[in-house]
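Student: Sequence:
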Amino acid sequence: MAGYLSSLSFLDLAGRLPASVAQGLFLAIVALGVYITFRTLDIAGIWPVDTGSIVIDGQDVTDLPDFKRAPLIGRVFQDPMTGAAATMQIDENLALAARRGKRRGLKWKVTAKERAEYKEKLKVLNLGLEDRLTAKAGLLSGGQRQALTLLMATLVKPKVLLLDEHTAALDPKTAEKVLKATDQIVAEGKLTTIMVTHNMRDAIAHGNRLIMMNDGKVVLDIKGEEKKKLTVEKLLHQFEVVSGEEFASDKAILD
114 MAGYLSSLSF
124 LDLAGRLPAS
134 VAQGLFLAIV
144 ALGVYITFRT
154 LDIAGIWPVD
164 TGSIVIDGQD
174 VTDLPDFKRA
184 PLIGRVFQDP
194 MTGAAATMQI
204 DENLALAARR
214 GKRRGLKWKV
224 TAKERAEYKE
234 KLKVLNLGLE
244 DRLTAKAGLL
254 SGGQRQALTL
264 LMATLVKPKV
274 LLLDEHTAAL
284 DPKTAEKVLK
294 ATDQIVAEGK
304 LTTIMVTHNM
314 RDAIAHGNRL
324 IMMNDGKVVL
334 DIKGEEKKKL
344 TVEKLLHQFE
354 VVSGEEFASD
364 KAILD
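Quick note: the sequence shown, position 250, residue 363 per the numbering used here, numbers continuous.
Note that these hints are calculated values from the structure, not bench results.
Wrong hints could be hidden among the right ones.
To be verified - Subject to a maximum C-alpha distance of 20 Å in a straight line, what follows is the list of computed PhoX-like cross-link-like pairs (lysine-lysine): (1) Lys234 <-> Lys249; (2) Lys232 <-> Lys249; (3) Lys270 <-> Lys303; (4) Lys293 <-> Lys249; (5) Lys236 <-> Lys290; (6) Lys234 <-> Lys222.
Computed from a predicted structure; not experimentally measured.
Construct the entire structure; sequences and hints are all you get.
Tutor: Below is the structure:
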């Protein structure tokens, strides 16, 4: 099914992630500790898998290096400085992302048609970037660069979108705008998405399935109507019941 993810299977990965993520699922993972970041790096191909395998849309990519997985995976990491090329214009960054997986000559330019398309897509971010197409990415704020990176990661529809604490370094107002744009882009594109966060409220408010991990293992898996009715207080209570331990406030952000 071109452009869509019919399934993303981890085949255990030492029992620390759900066995599969279905097409169009927006999975929010509350990570208590840093282990889950390592697992997203496994999926992206940055680090090798110790055990188990990763299958994207029926293709076993476990042994593929990250650059060969790149056409399948969109990534946005925590550091806003890592996504876009600082010395390139906004429209040039987007054009580069749009040509991902395609042959490019030494000379290429952004067409008027592309600029018009990018302007419309940038409006979704609600950050005024649609009026700054020729601005260098290095002149943007951290929040603006992260929003640009989100758009770049999804311009060519990936089979899976990895969001590794993509709003953690942003101020609350900008983070909310980026999360709202994330919801819209994921919904419109029907993108299979894994969002890792330490913010419980964000995990509850976004996505249609929530997994809480503690010490590298899944302790809660909540979806459907149960997730819609979830609150931070209920989530904390369920964690303490299932894990048998009191929640340590330094493990995650409650608000």
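Student: Now tell me if each hint is right for this structure.
Tutor: Here is how each hint holds up against the structure:
Our distance criterion of 20 Å between C-alpha atoms is met by Lys234 and Lys249, whose separation comes to about 18 Å. For the given pair, Lys232 sits about 15 Å from Lys249 by alpha-carbon distance, which is consistent with the 20 Å threshold. Our distance criterion of 20 Å between C-alpha atoms is met by Lys270 and Lys303, whose separation comes to about 9 Å. At roughly 24 Å between alpha-carbon atoms, Lys293 and Lys249 are farther apart than 20 Å, so this suggested pair is violated.
Straight-line distance between C-alpha atoms of Lys236 and Lys290 comes to about 12 Å, which keeps the hinted pair within the 20 Å bound. Restraint check: the Cα-Cα separation between Lys234 and Lys222 comes to about 19 Å, which is no more than 20 Å; the hinted pair holds.
In terms of the numbered hints stated before, the structure departs from hint 4 and from no other.
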